[in-house]
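**Student:** Below, each chain spelled out in residue letters.
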Amino acid sequence: MRNFFSLSPIFIVAIIFSLPAIFIFLSLAQDFSSNWVHLVDTVLPEYLLNSLKLFIGVSIGVFILGVSTAWIISTCEFRGKKFFSWALILPFAIPPYIMSYAFTGLFDSYGTANDLARFIFQLDPETVLFPSVRNITGAIIVFSFTLYPYVFLISQTSFLNQSRDIFDVSRTLGLSRFKTFFKVALPIARPSIVAALMLVAMEVLSDFGAVEHFAIPTFTSGIFRTWFGLNDLTTAKQLASILFMIFLFLILIEKYSRRKILYTSNSTSNRELVPTPLKGYKEFFAIIICSLPIFIGFFIPFLQLIYWTIFYETSFFSSGFISLITNSLSLAAISSIICLSIATIINYIIRIEKNNFLSFINKIITSGYGIPGIVLALGVLNFFLILDNISNIILTGSLIGLIFAYCVKFYAVTNSSISSGFKKISINLDNVASSLGSPNRRILKSIHLPLLKSSFLIGTLVFMIEVIKELPATLILRPFNFNTLSVSAYNYASDERMIEAAAPSIGIVIACLIPIIILIKLIGKDEIE
Amino acid sequence: MISIIKFMKNLLLIFFILLLPYQDSFSQEEVNIYTSRHYDSDIKIYEEFENRTGIKVNYITGKGNALFERIKSEGKNCPADIFITVDAGNLWKVEKEGYFQKIKSDKIAKLLDKRFIGPDAKWIGIAKRFRVIVYNSDKFDKNKMQNISYEDLASNDFKNKIAIRSSSNIYNQSLIASLIYHNGESKTKEWLKGFVSNFSRKPQGNDRAQVMAVAYGEADLAIVNHYYLGIMLSGKSGEKQKNAAEKVSVAFPNTSNRGVHVNISGAGILKNSKNYNNALKYIEFLLEKDIQKHIVLNTYEYPIIDKVEPSPVIKGLGSKYKEDKLKVKELGINNPKAVRLMDVAGWK
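Chains as they are written, first to last, in our numbering: chain A, 1 to 529; chain B, 1 to 348.
Heads up, some of the hints might be wrong.
Which residues of chain B face chain A? A partial, calculated answer using Cβ under 8 Å [to be verified]: (1) Gly194; (2) Ser197; (3) Asn198; (4) Ser200.
Cross-link-like lysine-lysine pairs, in silico, DSS-like; alpha carbons within 30 Å at most [to be verified]: (5) B:Lys110 - B:Lys193; (6) B:Lys189 - B:Lys307; (7) B:Lys320 - B:Lys110; (8) A:Lys81 - A:Lys521; (9) A:Lys53 - B:Lys193; (10) A:Lys424 - A:Lys445; (11) A:Lys53 - B:Lys242; (12) B:Lys242 - B:Lys327; (13) B:Lys202 - A:Lys53.
Because the hints were derived from the structure by calculation, they are not lab data. In this text the structure is predicted, and so the values were computed from the model without any measurement. Note that the Cβ used here is the ideal one computed from N, Cα and C, for glycine as well.
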């Protein structure tokens, strides 16, 4: 009985969270229309190929950017390190679709960068210096530079929490710093990094805005085209189910690849790492490596946005603007706190039950992240319709629907920081506490929660930023007269009225900065260094 | 840690209070609109309607298809009274699936051309848009271009000269749907082969980007919706776009035969509307002369009623054109066929 009560939350959440996905999966039971033949014969192979290229390219990109910067920040001491440790999160505040607009605004043949170059070097107007970015390479760059902060944040936490003893042993045994990184630090951080890469992969593969703008037909744009163009929602849902199954498959592989390996720290001393001071050219390189992602991922697009707003009457920054920011932030805060609580309870149960099946169920819940927003919204609508009919309270079109959708979609990001937080708390601590007679609840309250502080903060931060940026589900599920920053930006950007879209886009960046600043304050000095 | 939890609790409370005003109020006369038109100038129309009638307008913007899915999912609980969208195909789809009800208005019947009233008066047009050709006048003979047809664009004369946006775009799908209606499927398939092989670059960007491409020499000719030229020429999008739009010339295709491809923005009253009378008032209101004027001056669409002139900027594009008289519902019917043919032709 005890078992049943302690396990029930995870099953309830699992069932509720997977209902939208189940509604989409039900499509597989329906007939496969003739459109399938058409798709396979004409466009599907290209969709798959493009998605695969993006997946591989972006994975490599975010891995290099995220891990290298995290390693430098965690293990070295150099000028500006404190600034970089939070500034490297900044590109997160720019949604990939906004970044893609900024990039084409810069690098199209009539873009700002080409204009500037022609002006400086006095070239004739036909000269085009920068290559077109409206292709897969461009998209890989955009995704890599906006999404690497996932990898950065998670691997930084992981490096910081590796015991200094391990490094000392490795160096004593004669491994260079370089080898220590590849042979010791990286393998230990592997589960966290892989989890972050999974998030990035799901975000990239379910993206619609950026790939549409770059005119790259991917699997997800194929889903939309089938739905809207061929008027075939069933086939679109079937395609979405397949995408979903690909994610499940990836999750399984990841799970399988680290079977039998226990990744918790057993060290009792856990002395903190002492960063190595860098001097001369090494310091110079560290600064360059850390500046590059901030420069390309944040400053360049941000400057382009500012440049656009200069053209626009500033009337946008009025009372309406404030209400957009409050709406976005309120939604983000409410749903992040709800989702964080759920993730903590679930991960706690998994920890005390030490049940592999449960942690697998938990993984399944995280795959909501891979459902394209608009398809997810559709599932939520179907689910709430049933709720409405049972309860006689109309929830559809209320903020509750929206918050629910956010929780389903972004549970993955909260979960990844909470679960890696739990993982780094030594099991011995629990054992000692419980052998001293502490009840489980007290262990959670006095041992786990305090140790999870930084995981909480990172989880909240990432979740809030995701919600502020989220577009397709917000667009379709929001109540009357309710606008958010991303909706407002979309309204203009979908028409490529970038000059007008720039102001709300800057609003998104500002709104994302607010949680970042609060969190930096809350985390406090010691956690950053 | 405890302080953080407290802090978050307070935060939660504050934000809940901030969001409260957005829960529905039931006290007032209202009309609820789902619209895929997301122009700032439409908000002025809502306000004007509230001023004149005292009826509160509630609205959500979004993609037409997605909003329709919401309407379907909400079923009889759907709070919306009116659905407004920018493509005839979408209107047709809603009507076909039975989500519209008859708009009982003699006023509208008198005012509108029958082309712009759906079967059984289930929906009406509120503004028109043409899909026109822009071109570099240094590269083509102007007189010849005034007699050009969409059908000509498959010929070898236009090899590597044409810029157009992706085939995922509904404007292109509607255009091809109209060609399928007029010329039949197999002829259109043949035509698409030639047309696509004439592209100067991979389809990319929106209609504005096509105008820029012609102005900057990346293509000699492009197909775009006319109102983008209006917005660009107005200078609202900056000097650069204005200059580009001034640089290109405009041709209305098929003037010598059936006329230029016409699509509409339109509206209908939803089956489960709880405020039918208010909804009817609103739709009639959209056809008022001054509101039509407001629309054409701000969005640069063509007016749906004859008594109103297009914006001066749009009149400047030319007045020698004919409108394709096909019933706009045909665009919806032929849309899936159009997408399939475009896939086959390799139009990305």
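**Student:** Take the hints in turn and mark each one as holding or not.
**Tutor:** Okay, the hints, checked on the actual structure:
About 18 Å separates the beta-carbon of Gly194 (chain B) from the nearest beta-carbon of chain A, more than 8 Å, and the hint is not met. About 16 Å separates the beta-carbon of Ser197 (chain B) from the nearest beta-carbon of chain A, more than 8 Å, and the hint is not met. At about 17 Å, the closest approach between the beta carbon of Asn198 (chain B) and any beta carbon in chain A exceeds 8 Å, and the interface hint on this residue is violated. Restraint check, Ser200 (chain B) versus chain A: the minimum CB separation of about 12 Å is more than 8 Å; hint violated.
Proximity of Lys110 (chain B) to Lys193 (chain B) is assessed by CA-CA distance (about 44 Å); at most 30 Å being required, the pair is judged violated. This hinted pair does not check out: Lys189 (chain B) and Lys307 (chain B) have alpha carbons roughly 40 Å apart, beyond 30 Å. Restraint check for Lys320 (chain B) and Lys110 (chain B): the C-alpha separation of about 26 Å stays at or below 30 Å, so the hint holds. Proximity of Lys81 (chain A) to Lys521 (chain A) is assessed by CA-CA distance (about 17 Å); at most 30 Å being required, the pair is judged to hold.
As the CA atoms of Lys53 (chain A) and Lys193 (chain B) are separated by approximately 28 Å, the hinted pair is consistent with the 30 Å bound. Proposed proximity of Lys424 (chain A) and Lys445 (chain A) is supported: the alpha carbons are some 17 Å apart, at most 30 Å. Proximity of Lys53 (chain A) to Lys242 (chain B) is assessed by CA-CA distance (about 38 Å); at most 30 Å being required, the pair is judged violated. Proposed proximity of Lys242 (chain B) and Lys327 (chain B) is contradicted: the alpha carbons are some 34 Å apart, above 30 Å.
Taken as a hint, the Lys202 (chain B) and Lys53 (chain A) pair is honoured in the structure, with Cα atoms around 18 Å apart against an allowance of 30 Å.
Checked against the numbered hints given earlier, the structure breaks hints 1, 2, 3, 4, 5, 6, 11 and 12 and satisfies all the rest.
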